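**Q** Sequence:
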Amino acid sequence: MIFLIDLHVHSTVSDGSYSPAGLARLAKETGVEAFALTDHDSIAGDGEAAAEAERLGVGFINGMEMTMAYRGRKIHVVCLGFNPENSEFQKLYSRLRYIKEDSMADVVEVLRRRGIEIDMEMVRRHSAVHLDRYAIMRTIVDMNIFDGIQYIWDNYLNPAVKEVGVAGDIPAEEALPIIRGAGGVTSLAHFHKLIGLKGQSRPEQEDSLRELMSFGLTGMEQYYPNYTDEDRAFARAMIEKYDMLPTGGTDFHGANRPGILLGTGYEKNMSVPLKFLEDIRERCRI
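The opening position of the sequence shown corresponds to residue 142 in the working numbering, with each subsequent residue numbered one higher.
Keep in mind that the hints were calculated from the coordinates and are not lab data.
Treat the hints with care, as some may be off.
Label pairs and their computed distance ranges (CB to CB) [said to hold, decoys possible]:
(1) Phe287 with Lys339: 43 to 53 Å
(2) Ala246 with Ala374: 39 to 49 Å
(3) Asn285 with Arg254: 20 to 30 Å
(4) Glu381 with Ile286: 43 to 53 Å
(5) Asp420 with Asp260: 42 to 52 Å
(6) Met284 with Arg426: 41 to 51 Å
(7) Pro225 with Lys416: 40 to 50 Å
(8) Asp295 with Asp247: 30 to 40 Å
(9) Gly324 with Gly289: 31 to 41 Å
(10) Gly213 with Ser412: 27 to 37 Å
(11) Ser412 with Arg255: 38 to 48 Å
(12) Ala192 with Ala374: 33 to 43 Å
Quick caveat: nothing in here was measured; it's all calculated off a predicted structure.
Glycine included, C-beta positions come from ideal geometry on N, C-alpha and C.
Produce the entire structure from the sequences given, and follow the hints as far as they go.
**A** Below, the structure written as structure tokens:
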């Protein structure tokens, strides 16, 4: 019997199209046995998702996909099973939220100068929880002037944030030990992407993984919807060679990333083993 799980999922708290509770209902409807909510740099939806998942009998693990700075690039790390009440985590999270919410009015002004008719009142209406760059992204998506959220990030939002000079991301060497200290598992997401280790040779990627592990990285995504066969083989080899904890998920965004289905990815090309979740729970002792 196949048990579907998904350890990389986004809600309306960041850039997904389903509410946190809506994800639990979708999981129940589609036969996904368990999922992790991993909104970008936010844990604001975890409580709602956990409550609805418990009501429906769906397995749930709290999480967050955190953006970290590493060697002059951005990486995304899926953080799972940590204690959000841990005092050091709370300090880290407060710092993280300041970075993500600082100077958003200035970012909106840059976007206006670049031809997007947007203002802060519109952004407030699209603020699910945080008045941050994800609220700006949702505002632009709702305007229906561009196809695809990645185009918006690459051509408008990220350049505007850079122009404003919003504080940079927290370095991996600072963040990873804190997540680990809060009892969490840390897994490098989509290593093959630009927000990852793309551009490095395989030996360089291996060196990066070793260094990140020395900071506190626990594992990496063994399953991801658009890995090539070579990507999958490399991830599996690294996980086995360094006894890393494997994770996997669809990076589900609902309507904001068409074609990717919760639990099964693109045209059912994924099936994350239930053992991954069991091992994570064991490591986190939850």
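**Q** Lying within 30 to 40 Å: is that true of the beta-carbon distance Asp295 to Asp247?
**A** violated (20 Å)
**Q** Is it true that Gly324 and Gly289 lie within 31 to 41 Å of each other by Cβ?
**A** holds (37 Å)
**Q** Holds or violated: 40 to 50 Å for the Cβ distance of Pro225 and Lys416?
**A** violated (25 Å)
**Q** For the range 42 to 52 Å, tell me whether the beta carbons of Asp420 and Asp260 fit it or not.
**A** Hint holds: Cβ distance 48 Å, inside 42 to 52 Å.
**Q** Do the beta carbons of Phe287 and Lys339 sit within 43 to 53 Å of each other?
**A** Hint violated: Cβ distance 23 Å, outside 43 to 53 Å.
**Q** Could you say whether the range 41 to 51 Å given as a hint is met by the Cβ separation of Met284 and Arg426?
**A** holds (46 Å)
**Q** With 27 to 37 Å as the target window, see if Gly213 and Ser412 comply at their CB atoms.
**A** holds (36 Å)
**Q** Is it true that Glu381 and Ile286 lie within 43 to 53 Å of each other by Cβ?
**A** The hint (43 to 53 Å, Cβ to Cβ) holds, given that Glu381 and Ile286 are roughly 46 Å apart.
**Q** Does the beta carbon distance between Ala246 and Ala374 stay inside 39 to 49 Å, or does it fall outside?
**A** holds (47 Å)
**Q** Determine whether the Cβ-Cβ distance between Ala192 and Ala374 falls within the hinted range of 33 to 43 Å.
**A** About 40 Å separates the Cβ atoms of Ala192 and Ala374, which means 33 to 43 Å holds.
**Q** If I claimed the Cβ atoms of Asn285 and Arg254 lie 20 to 30 Å apart, would that claim hold in this structure?
**A** holds (21 Å)
**Q** Within 38 to 48 Å or not, the Cβ separation of Ser412 and Arg255?
**A** Hint holds: Cβ distance 42 Å, inside 38 to 48 Å.
Against the hints set out earlier in the document, violations occur for numbers 1, 7, 8.
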